[in-house]
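Just so you know, the protein sequences line up as chains A and B, in that order.
Here the first sequence stands for residues 30 to 492, numbered as in the working numbering.
Here the second sequence stands for residues 30 to 492, numbered as in the working numbering.
Which copy? The list can't say, so a pair holds if one copy fits it or any two copies do.
Below 30 Å or equal to it, Euclidean Cα-Cα: the simulated DSS-like pairs (lysine-lysine) are:
1. Lys-327 / Lys-291
2. Lys-327 / Lys-250
3. Lys-366 / Lys-327
What the hints contain is simulated information worked out from the structure, not anything from laboratory work.
If you're wondering where the values come from, they're calculated on a predicted model, not measured in any experiment.
2 protein chains.
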Amino acid sequence: MTRWDETFDVIVVGAGFAGLTAAIEARNAGARVVVLEKMKAPGGNSIISDGGVAAAGTPLQKQHGIEDSPELFYNDMLQAGLGLNHPGLLRVLTQNAAEAFRWSEEYLGVEYMDRVDRFGGHSVNRCYAAAGITGATIIRAMLKKIKELGIPLRKSTCLEKIIFDGERVTGLSVREGYNYKDPEAGTIKNLQADSGVIVTTGGFGADVAFRAVQDPRLTGKIDTTNKIFATGEALVEAMRLGAAPVQLSHIQLGAWTSPDEKGFGSGPLFADYIGFLYGIIVHPDTGKRFVNEQADRKVLGDAILSVGRPSVCISDHGAVEHSGWDISRALKKKVVKTFETVEGLAGHYGLPADALSQTITEFNRAVASGVDVEYGRPILHDSMPIKRPPFYAMRLWPKVHYTMGGLQINEEARVIDLDHRPIPGLYAAGEVTGGVHGACRLGSCAITDCLVFGRIAGKNAAG
Amino acid sequence: MTRWDETFDVIVVGAGFAGLTAAIEARNAGARVVVLEKMKAPGGNSIISDGGVAAAGTPLQKQHGIEDSPELFYNDMLQAGLGLNHPGLLRVLTQNAAEAFRWSEEYLGVEYMDRVDRFGGHSVNRCYAAAGITGATIIRAMLKKIKELGIPLRKSTCLEKIIFDGERVTGLSVREGYNYKDPEAGTIKNLQADSGVIVTTGGFGADVAFRAVQDPRLTGKIDTTNKIFATGEALVEAMRLGAAPVQLSHIQLGAWTSPDEKGFGSGPLFADYIGFLYGIIVHPDTGKRFVNEQADRKVLGDAILSVGRPSVCISDHGAVEHSGWDISRALKKKVVKTFETVEGLAGHYGLPADALSQTITEFNRAVASGVDVEYGRPILHDSMPIKRPPFYAMRLWPKVHYTMGGLQINEEARVIDLDHRPIPGLYAAGEVTGGVHGACRLGSCAITDCLVFGRIAGKNAAG
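Kindly produce the complete structure, drawing on both the sequences and the hints.
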């Protein structure tokens, strides 16, 4: 028999988008709830995200004259996911996204910008940006609601073990006073969950040992855009209990990152919004292009990684000016550099100058002709040749961005075991789960996932 | 305390290529060995395979004037595997393949044909065909050796549970008198393994529920080339014990199979050796091509599956004659059909006749010009237009062929747990393991995998 130190109805593990959402819904369903967060501050990776939410069939889309439907959204995510998405989960996400978005706006009071964007892979504009283009806007609103509802938030409290009495999950062993620099610090307490435990601990993008088993390319030589504590211990604890893992080897790389700065950094704004749209990516040995620069994240990331060392993304002043984006931070940090001549640029990066000049000439010819025969890149209506100095360049090297795989859940956010049955008392939502996104997650669908399945987990765990 | 019914040094679970190899090596290392086989006869999927073994640097290659090396072999498998292969395991396989092949020939007495073939993805000829082009030739030699060595082979004996004493695997609970039609039949016995248990139970290609969690496209509507008992129960038992799964969602589809016959069947000989080389694959709605017919298994299988219903593979009499292959069995079974006219063919399969004629005209033009602009297919030196009746056609629908993912093992064939440590006393080899082949297995590398890691597991488990 476990000796319990405290008793709740619902214990939520993790204080990111999914966890805070689940806690709010469980509380509103009448449960005594506690939220555990292993770090000193809540927010996890959610708080450093761009705060983009995708949803189909919203009033904001109507205002902007955009026609969309959950079915179209479903098809877009399924195509990006290479058909590996769990159909039932994908249906739940796409059909409940608009209502979850409305809930975040009206009930939580999240402020969104008056615009509807379209990120790669979405066939219409359906992405909404939280004010300030940051997830912090959403986390702040959630924390305010948590406080209003009187839900305790225990920081520096880490899951050690999920307690199972032979029939159901009854609670957790946790370490209070957790410090990632000294894993033995703090004290162990047993917290009882009369109704349910909800695991919302995020992905394992920063867990080098765990991710390298599933994708051996992703050794410690590959950085991550995640915070360093995006590790897999809660996922592993659930697996030890017999939870089925889903698609763990589908790990998303950011293709727009630079090896010349840590984490997400300032370079992606240049690479993703200017370089890949108007410029080129060249091989460090040959100075030649080797990929359609507008391919999706998966194709681009795999191609750049397969070169074995950083490639160079090149654009010109015309494109930077035309784009309207302010890349001064990347320039100041010297992640993006400027050169008066192509020769100077080639010299700096050790590229063969003649080959690079020829590559640019051929690219400019493709732009003029409207067809990129060799790499099949679509030539945009506002494409332009690379010719106006200064020339801008940035080294590219992928970083681990998101882990599509994780715990198998059903449409009620219940964790499923290796015999295909729900584990009584155990729920999960967000990046720690797998199957919703299949082989490749589309931009701005992660927060939607957290909102939709966080709400479902919270309601169901409350019983 | 477990009450043991019998005691051995090494228990091998599964009597296919990997299991029989492991048993022979464990016996030769001095261990008391038993082999368990859940079915009534040994051989598993191995016995219905084509008996092809890949190895680099063999005397047979030298005789045929073929230059090859383990490094080249490594690079070929890594490229096919999309870089996801575990490097250490891949190195062990490629460096020990030639010696394992020699062992099978000289020690086991397996008879191979005097030819060295090259299957898709191998950059040189390095594939050896067992006499009769069947795995049964190899299994027969192994069973003969097992008998010579006095190793007991227990048929109709199924693994129920792996027994772990808190420190190491000490044995197994098994069901004697197992009958897959009545899983409760037979009696439970506990078999002690003083030295080690070796799991060589093959893949889970026929386990619809398990595979559909990892790849939801692979429902019961998709057949398999495997025997019906290629299910995941031993893999799951090891996972319950904390064994780490690797890349479970990488499941190989055969793209050359027909929905008009069960299992592997007779159609693949036409599709893979004639249709894909000289003919075309057309979409059932449009009558147009939609894929490079010479793409690898993964690309082809995914493309054909994404259509949602069977495509049609078409070739002509010139190609059939030129190929030299005898496809009479496929014709007799009506899996491949012949038509005097393109219109007749179109009518039979419900294809738009005009569009199909145009597709063939365009394809013939590509063959004549030597470039297939639209689908990037290489035009072989002996390519020929589709024009000489009768026209041959076969419906294509992928079948599950091989599961690349499975238990994580290290270079000693020890099973690794979720904390990245070997589980004492537990070994695995062959298709039940993951990581060697990465995202996509090359043809004729599965038997090599079984021979190399079966030998290692057997030697190490003997202690």
